[in-house]
Amino acid sequence: MPAMPTPAIVVVGHGMVGQRFLEALAERGVAERARIVVLCEEPRAAYDRVQLTSYFSGRTPDDLSLVEGDFMERHGIELHLDDPAETIDRAARTVTSRAGRTFTYDTLVLATGSYPFVPPVPNKDAAGCFVYRTIEDLLAIEEYAKTATTGAVVGGGLLGLEAAGALKGLGLKTHIVEFAPRLMPVQVDDGGGAALLKTIERMGLTVHTGTGTQEVTVDESGAVNGMALSDGSVLATDLVVFSAGVRPRDQLARDAGLAVGGRGGIVVDDQCRTSDPAVFAIGECALASDGRVYGLVAPGYEMAETAAAALEGSLEGDVKSFTGADMSTKLKLLGVDVASFGDAHGAADGCLDVVYSDSRSGVYKKLVIGPDGELLGGVLVGDADSYGMLRPLTGSVPPISPEQLVLPAGLGAPVALGPSSLPDDAVICSCHNVTKGTIRGAVTEHSCTTVPEVKKCTKAGTGCGSCVKVLGQLVNAELEASGVEVDKGLCGCFGQTRQELYEIVRALRITSYAALLDSHGREAAKGGNGCEICKPTVGSIIASLAPTIGADGYVLEGEQAALQDTNDHFLANMQKNGSYSIVPRIPGGEITPEKLIVIGEVARDYGLYTKITGGQRIDLFGARVDQLPQIWARLVDAGFESGHAYGKALRTVKSCVGQTWCRYGVQDSVKMAIDLELRYRGLRSPHKLKSAVSGCQRECAEAQSKDFGVIATANGWNLYVGGNGGATPRHADLLAQDLSDAELVRLIDRFLMFYIRTADRLERTSTWLERIDGGLGHVRDVVVHDSLGICAELEALMADHVAGYRDEWAETINDPERLRRFVSFVNAPEVPDPTVKFVPERDQVKPDLPVLQIRTLEGTAAR
Amino acid sequence: MTIAPEKTDTQVQLRLGGEWLALCSLSLLTPGRGVAALLPDGRQVAVFLGRDGRSYAIDNRDPFSGAQVLSRGLVGSSAGRPFVASPLLKQRFDLASGDCLDDESVSVTSYEVRLGTDLAVDSGSAA
Ligand code: SRM
Ligand SMILES: Cc1cc2nc3c(=O)[nH]c(=O)nc-3n(C[C@H](O)[C@H](O)[C@H](O)COP(=O)(O)OP(=O)(O)OC[C@H]3O[C@@H](n4cnc5c(N)ncnc54)[C@H](O)[C@@H]3O)c2cc1C
Ligand code: SF4
Ligand code: FES
Numbered sequence: 001m002p003a004m005p006t007p008a009i010v011v012v013g014h015g016m017v018g019q020r021f022l023e024a025l026a027e028r029g030v031a032e033r034a035r036i037v038v039l040c041e042e043p044r045a046a047y048d049r050v051q052l053t054s055y056f057s058g059r060t061p062d063d064l065s066l067v068e069g070d071f072m073e074r075h076g077i078e079l080h081l082d083d084p085a086e087t088i089d090r091a092a093r094t095v096t097s098r099a100g101r102t103f104t105y106d107t108l109v110l111a112t113g114s115y116p117f118v119p120p121v122p123n124k125d126a127a128g129c130f131v132y133r134t135i136e137d138l139l140a141i142e143e144y145a146k147t148a149t150t151g152a153v154v155g156g157g158l159l160g161l162e163a164a165g166a167l168k169g170l171g172l173k174t175h176i177v178e179f180a181p182r183l184m185p186v187q188v189d190d191g192g193g194a195a196l197l198k199t200i201e202r203m204g205l206t207v208h209t210g211t212g213t214q215e216v217t218v219d220e221s222g223a224v225n226g227m228a229l230s231d232g233s234v235l236a237t238d239l240v241v242f243s244a245g246v247r248p249r250d251q252l253a254r255d256a257g258l259a260v261g262g263r264g265g266i267v268v269d270d271q272c273r274t275s276d277p278a279v280f281a282i283g284e285c286a287l288a289s290d291g292r293v294y295g296l297v298a299p300g301y302e303m304a305e306t307a308a309a310a311l312e313g314s315l316e317g318d319v320k321s322f323t324g325a326d327m328s329t330k331l332k333l334l335g336v337d338v339a340s341f342g343d344a345h346g347a348a349d350g351c352l353d354v355v356y357s358d359s360r361s362g363v364y365k366k367l368v369i370g371p372d373g374e375l376l377g378g379v380l381v382g383d384a385d386s387y388g389m390l391r392p393l394t395g396s397v398p399p400i401s402p403e404q405l406v407l408p409a410g411l412g413a414p415v416a417l418g419p420s421s422l423p424d425d426a427v428i429c430s431c432h433n434v435t436k437g438t439i440r441g442a443v444t445e446h447s448c449t450t451v452p453e454v455k456k457c458t459k460a461g462t463g464c465g466s467c468v469k470v471l472g473q474l475v476n477a478e479l480e481a482s483g484v485e486v487d488k489g490l491c492g493c494f495g496q497t498r499q500e501l502y503e504i505v506r507a508l509r510i511t512s513y514a515a516l517l518d519s520h521g522r523e524a525a526k527g528g529n530g531c532e533i534c535k536p537t538v539g540s541i542i543a544s545l546a547p548t549i550g551a552d553g554y555v556l557e558g559e560q561a562a563l564q565d566t567n568d569h570f571l572a573n574m575q576k577n578g579s580y581s582i583v584p585r586i587p588g589g590e591i592t593p594e595k596l597i598v599i600g601e602v603a604r605d606y607g608l609y610t611k612i613t614g615g616q617r618i619d620l621f622g623a624r625v626d627q628l629p630q631i632w633a634r635l636v637d638a639g640f641e642s643g644h645a646y647g648k649a650l651r652t653v654k655s656c657v658g659q660t661w662c663r664y665g666v667q668d669s670v671k672m673a674i675d676l677e678l679r680y681r682g683l684r685s686p687h688k689l690k691s692a693v694s695g696c697q698r699e700c701a702e703a704q705s706k707d708f709g710v711i712a713t714a715n716g717w718n719l720y721v722g723g724n725g726g727a728t729p730r731h732a733d734l735l736a737q738d739l740s741d742a743e744l745v746r747l748i749d750r751f752l753m754f755y756i757r758t759a760d761r762l763e764r765t766s767t768w769l770e771r772i773d774g775g776l777g778h779v780r781d782v783v784v785h786d787s788l789g790i791c792a793e794l795e796a797l798m799a800d801h802v803a804g805y806r807d808e809w810a811e812t813i814n815d816p817e818r819l820r821r822f823v824s825f826v827n828a829p830e831v832p833d834p835t836v837k838f839v840p841e842r843d844q845v846k847p848d849l850p851v852l853q854i855r856t857l858e859g860t861a862a863r
Numbered sequence: 001m002t003i004a005p006e007k008t009d010t011q012v013q014l015r016l017g018g019e020w021l022a023l024c025s026l027s028l029l030t031p032g033r034g035v036a037a038l039l040p041d042g043r044q045v046a047v048f049l050g051r052d053g054r055s056y057a058i059d060n061r062d063p064f065s066g067a068q069v070l071s072r073g074l075v076g077s078s079a080g081r082p083f084v085a086s087p088l089l090k091q092r093f094d095l096a097s098g099d100c101l102d103d104e105s106v107s108v109t110s111y112e113v114r115l116g117t118d119l120a121v122d123s124g125s126a127a
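Chains as they are written, first to last, in the numbering used here: chain A, 1 to 863; chain B, 1 to 127.
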C-alpha cells in the first residue's frame, strides 16, 4: 500500500465544544491517523464553563478542567495555550496565530464560542466593569470585590442570575437590572418570572425589571461608582457585571470570507460544514441549518459529534447530521430550581396551558399541551423535580393527566410518574444524548450494577447532572427486573438501613442491642448473637443518642461493652502484635511544655515507641493490655483525656497558628479549633470525624480536606463540609460564609447531628454528601434554611451530648470493676502476655513478629 | 448485666487430654465477648460466653497474623452458629469447631468446655 500522507486538522478554540470534538476524534480513532493542532486563546485548557460559578463554592480551576490526565499526549494532540488564531488563508489552507506560528490544514474546525454582549453605554470599560464568561473574569471580579460593598448585574437572564448569585456570595449587596418585564425572559413566561422574582427578593437581592441601563458613572479616579437607569434614578454601585446576552465569535470567519448570518453566526450545513467544505464550525459560533445559534452546551456537543463523524466519513463512510436541537434547560439559580423544555412559550397552533401557581412558596409549573393531548413543553420554577421525567415525555401523550402532573406531591397527585412509563427511545440525558434503552442496556448487557458504573459506561449524568435522579431510578428498576434483589438492609441480622435503625432507637428509646435485635431483627437472627457489622453500628447509635434516650453515656457499660469493636472495648488501638497504642487528646494541636514532658516520661518509663501523627498529636505505641490503665492513670493525672483514636468519633481538630502569631492571620484559629475539639469530643458517629481551622485563606491547616473545615475571613468564618483525605480524597464544599462564632458552632451542631442521623455505617461525610438525595443543596436547605423544621431538635441533641460528655479513661481508671478486663489472662491476672515482644529500631522499639504471609479478607481489612 | 448470685460460684472448665481444668469464675465473662486464658503448657485459649449462656473455647492465636488476639474479637451468629471475628483482619472462626468461615483451608483448635463447681482454679503459675 502506498503511504498515505497524514491529514492535518487544525482546531481553533479549546472550549467545551472544542474539547468534545477532540474526544470524538479520539473515540473514532481519527486522532491516531491525523496530525491535530489546537489553538487556545485562554491561558488554560478547556474547562467546564457550565459549572463556572462553582468556583465560588470552592471548586478550583483544576477541578473544572475537562481534559483528563494525559489525554493530549496519549493522542498526540498539539495544544497551544494563550495563542489565538489571528488570520486564516483559505487559498493556502493555513492559519496564523498571534505568536506568529503558521499551520497548514486539510481540515479547519472553528469552535470559537461566543463573547458577552456589552451594551454601548458610556464608561462601559471603566475600572470595575466586568463580564462573566471565563475563569479569568471570575478571578478579576473576586479580586475587585474585596474592596467593594455593592454590585450590580446588567441582565436578568440565565447568566445574569448566576453572576448575581456569585456577587452575593462574595458578600456584596447585589442588584439585578433587567430590561424585559420579567426575569429569565427567554426561558420562562410571566407566571414563572413572577415566582422567581418572589424567591430571589426573599434572598435579599434587589431586582429592577423593565429598566434599562443608560450610563455607568465614574469617580475622579475613573472607577465605577454608579449606574444611571432608564427610570431616571441612579443606582450607587462599586462594581458592574454585564450579562446582557452573548454573540457568536465569527470575526475570524468573516475576515476569511466565510458566509455568516445576518445576525451573526458562521453558516453551516447539516454536517456542520461552512461555505468552504474544508472548514467546519461547531458550538456557539455556528449558525445551524435550522437557522438558529445555540447558546447551550448540549447542542454544541451534538455538533462536535456530527463534525467528527463527517470527518471520519471523508476518510471512510457513514455520516450523521445536525439539524437542530432541544433547548431544554434545568438550572439551580441562587438555590432556586428553574427548568424549561420543549415549546415552553406555547407557540404551536391550538395548544393549551395547564398551570399550577403558588406565589407564597415560589412554585410555578406550566405544561403546554397540544390539540391531541400530547405534551409539547413546559416551565417549572421552584420545584423542578419532575423535569427529568417530563422532558423525555415531550411529544407523547403522558400516561396520567397533565393536571395531576403539575400538582405538587401530596396535593392530590395520586401516582408519582415512574421512569418505567417512558419509551426506550426517550432521551434521559440530554447533555450526552443517552436514551433509556442505552441505560437499560448498560445494566442488562454490560452488567453495571451501580449508578457510577452506568455513568462511566454511558456518559449519562456526567454533564449538567440534572438527569441523575431519574438515572438512579432506572438503574434500580432494571436491577430489580433482572432479579437482582436490592436488599438495603444493614447486614444479615437487620433488614433496616442504619438510618432506619437510628430512627427506631430514637423514637422507641431502645437502649439495648438484644432488645432491638429481638424486636426488629430479621426472623432468623432474632435471639442470636448478632454479627460484627450490626453490633458496633447499634453500639454507636446508642452512644450518640445516650443522653437523649436515657442510656448510659459510658460506652463500656453493661451490654454496650459487648457491642464495641475491639479498639473501643479497650479504649485503645490494637496493633499488629496484639499490643495497643495510646493517643491522648491534644486539642487543636496546642500543648504546654509540661505536658510534653509528661508524655516523654511516660513513654520512656514504659518503653513505648513515640511518633507525631498526621493529626497534630502524639501516638505512643506498644503498650500491653495490662499496662493501659497504669499508663492512663499517669496521663489523666497530668490533665490528659482520651483522644478517641479508637472510636468512630471526633478525632482531631487541627489548627494553624493563626492571628496570634502569623502575619496573615485574620482570626484566632487555634482558639476556635480548641473550642470545637472540646465541644465535639466523644461524639460517636457513623465514621470518624475530622476537622481543622485555618487562620486565613492560605489554609495551612488543610481544612478543606476535613469532614468539617473552617477558614477564617475578615468578617468571620467560612464553613466547608464533606472533605476527605484517605484513598478517595475530596475537597470540601462551602456550606456558609462569614459566620460569627455562635453561628458557626450552631451550624456545625446541626450539620453533624443531621449526618449522624442519616448516614450509613462507615460512610464518611464525603460519601454521604455525594449519596444523599439532593446532595449539598439538600443538606444546606435542611441545616441552613431549616427546610425540614428539625434544626431545633438537632441542636437539642447536640446540647445533650455536650452536657453529657465524660472522659472515658478517667471513668475507667477510677472503677475497679471496669479495670478487671485489662488483663492479659483471666486465670493469671498478674502474668503479662509473653508473646507481645519488641526488638530495637532507630533508638526505639518495634513489634517482634513471627514471619507470616498475611492474607487479608477483601473489603474488610484495616478498619 | 447482673449475674444472679448463685451463678457467681460457677466455674468455666476446659478439657485438656483426659482432665478438666478450671479456668475462671463464670462471672468474669461478659455475654458476647471473650477472655484469654493461659494453659499450663504456655498455650493460650480464647474463652467465650454466647448470648444463650453456652460457653466456647478455641485457640487464642490468630493464624492470619500470628498474634494472640482472637479472645478480643467480636462474637456473632452466622446461620445460627456462633463465631468470633478476628480483631486484626476480621476473618471469622466458628466457636464450636474452630473452622475459619472465610477460608476453608484454615482452622484453629477448639476445646471442650463445661460449667462446673467442683475444681480448684489454677492460678496460672504453671507459665
Ligand atoms: C496514627 C496515624 C498515622 C500517623 O502515624 O500519623 C493513623 C493511623 C491509622 N489510621 Fe489514619 N492515621 C492518622 C492520620 C490519618 C490522616 C491524616 C489526618 O487526620 O489529618 C488521614 C487522612 C485524612 C482523612 O481521614 O480523611 C487518615 C486516613 C485514614 C483512613 C482512610 C479514611 C478514608 O475516609 O478514606 C483509614 C481507614 C479507615 O478509617 O477506614 C485510617 C485508619 C487508620 C488506622 C486506624 C488503621 C487501623 O485500623 O489500624 C491506624 C490506627 C493507628 C493507631 O493504632 O493509632 N486512616 N489517617 C494518624 C493518627 C492521627 C491522629 O492523631 O488521630
Ligand atoms: C456562567 C455560565 C453558565 C452557563 N451555564 C450553562 C448551562 O447551565 N447549560 C448550558 O447548556 N450552557 C451553559 N452555558 C453556556 C455554555 O458554557 C456554552 O454553551 C459552551 O461553553 C459553548 O461551548 P463552545 O466550545 O462553543 O464555546 P466556549 O466554551 O466559549 O469556547 C470557545 C473558546 O474559543 C476560544 N477562542 C475564541 N476565538 C479564538 C481564536 N481566534 N483562537 C483561539 N481560540 C479562540 C475562546 O477563548 C474560548 O476558550 C453557560 C455559560 C456560562 C458563561
Ligand atoms: S492559614 Fe493563614 S493564618 Fe494560618 S498559618 Fe497559614 S498563613 Fe498563617
Ligand atoms: S442531562 Fe445533563 S448530565 Fe444528563
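There's no promise every hint is true.
Stretch by stretch, here's where chain A covers chain B in the computed footprint (C-beta under 8 Å, at least three residues) [claimed, not checked]: (1) 21 to 28; (2) 37 to 44; (3) 64 to 74; (4) 110 to 117.
Keep in mind that the hints were calculated from the coordinates and are not lab data.
Source: prediction; values computed, not measured.
Built from N, CA and C at the ideal position, the CB exists for glycine as well.
Hints versus structure:
1. 21 to 28: holds (count 3)
2. 37 to 44: Holds, because 4 residues of the segment 37 to 44 of chain B bring their Cβ atoms closer than 8 Å to Cβ atoms of chain A.
3. 64 to 74: holds (count 9)
4. 110 to 117: It is violated: at least three residues are needed, and the segment 110 to 117 of chain B offers just 0 whose Cβ sits closer than 8 Å to chain A.
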